[in-house]
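S.K.: Turn these sequences into a full structure, and let the hints guide you.
First to last, the sequence lines map onto chains A and G.
Just so we're aligned, residue 1 is where the first sequence starts under our numbering, counting upward by one.
Just so we're aligned, residue 1 is where the second sequence starts under our numbering, counting upward by one.
Any given hint might turn out to be false.
Cut-off 25 Å, straight-line C-alpha distance, at most; resulting in silico cross-link-like pairs (PhoX-like, lysine-lysine) [to be verified]:
id	chain 1	residue 1	chain 2	residue 2
1	G	K51	A	K3
2	G	K17	G	K51
3	G	K51	A	K57
Hints in this document: simulated from the structure, not taken from any laboratory.
For reference, the chains in residue letters:
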Amino acid sequence: GPKVLQIPSHQIIDMGQMVTLNCDPVSNHLYFYWYKQILGQQMEFLVNFYNGKVMEKSKLFKDQFSVERPDGSYFTLKIQPTALEDSAVYFCASSFAGGAEQFFGPGTRLTVL
Amino acid sequence: GDSVTQTEGQVTVSESKSLIINCTYSTTSIAYPNLFWYVRYPGEGLQLLLKVITAGQKGSSRGFEATYNKETTSFHLQKASVQESDSAVYYCALGEITNTGKLTFGDGTVLTVKP
Numbered sequence: 001g002p003k004v005l006q007i008p009s010h011q012i013i014d015m016g017q018m019v020t021l022n023c024d025p026v027s028n029h030l031y032f033y034w035y036k037q038i039l040g041q042q043m044e045f046l047v048n049f050y051n052g053k054v055m056e057k058s059k060l061f062k063d064q065f066s067v068e069r070p071d072g073s074y075f076t077l078k079i080q081p082t083a084l085e086d087s088a089v090y091f092c093a094s095s096f097a098g099g100a101e102q103f104f105g106p107g108t109r110l111t112v113l
Numbered sequence: 001g002d003s004v005t006q007t008e009g010q011v012t013v014s015e016s017k018s019l020i021i022n023c024t025y026s027t028t029s030i031a032y033p034n035l036f037w038y039v040r041y042p043g044e045g046l047q048l049l050l051k052v053i054t055a056g057q058k059g060s061s062r063g064f065e066a067t068y069n070k071e072t073t074s075f076h077l078q079k080a081s082v083q084e085s086d087s088a089v090y091y092c093a094l095g096e097i098t099n100t101g102k103l104t105f106g107d108g109t110v111l112t113v114k115p
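M.R.: And the structure:
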C-alpha cells in the first residue's frame with residue numbers, strides 16, 4: 001500500500017541546536033500531520049498542514065516548532081532551539097482529505113542531550 | 001478536550017482463542033466523532049485496521065470487529081479466533097468530524113498471541 005517515509009530514523013543532538021525532521025508523504029495526498037510520542041506515553045497530535053498553511057496545532061506545538069512543505073518536496077518539522085523535553089518519537093502522516101484515512105511513517109526517534 | 005482510554009496495556013492470548021481489547025472515549029464535541037482502530041505490527045509503521053463513522057454501526061477487517069456504542073461511549077475490538085500473526089500493538093483513536101483530521105489516540109495495547 002501507500003507508504004510514508006521519514007528521514008532520518010534516529011537523530012541525536014545537543015540541547016539548543018536546531019533539528020529538521022523530514023517526511024516524504026504519499027504522492028497525491030494533500031493533508032499532512034505530525035504527532036509526538038514520548039516513551040511510555042500516548043501518541044499526541046502536534047499540527048496539521050494543508051494548502052501551505054497550518055490548519056490546527058496543539059499546545060505541544062511550541063513557538064520553537066515550525067512546519068513547511070516547499071514546492072511539493074519533503075514535509076518538514078523544524079525545532080529551533082531544541083530542549084530536553086523534545087526527546088520523543090515523531091510520526092508524520094498524510095491523507096488525501098481532512099477526514100480520510102491517515103497513512104503513517106515509521107517515525108523519527110529524536111534524542112536531545 | 002477529547003480523550004481515549006484503553007484499560008489493558010498488555011494482553012496475552014493463546015492461538016485460536018477469542019480476544020477483546022477495551023476502548024472508551026470522551027469528547028466535548030456536540031457531534032459524534034469518528035472512531036478508529038490502528039495497528040502497528042513489529043518493524044512496521046502504524047496502519048488503519050478499521051474505521052466507523054456512524055454511531056451504532058460495526059466495522060470489520062481481517063477478522064476483527066468493533067461496534068460504535070454511543071450509549072456506553074465504547075468501541076471495543078474483538079476477534080473470535082486470534083492467530084500468532086495478530087501479535088502487534090493496537091491503538092484506539094478518535095477523530096472529530098471537522099476537516100482538520102486531528103486524531104486523539106489511546107495508550108495502545110500490546111497483544112501477544114502464544115502458539
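S.K.: Are the hints correct? Go through all of them and say.
M.R.: Here's how the hints hold up against the structure:
Simply put, G/K51 and A/K3 have alpha-carbon atoms about 19 Å apart, close enough for the 25 Å limit, and the pair holds. Proposed proximity of G/K17 and G/K51 is supported: the alpha carbons are some 24 Å apart, at most 25 Å. With a C-alpha separation of about 24 Å, the suggested pairing of G/K51 with A/K57 holds against the 25 Å cut-off.
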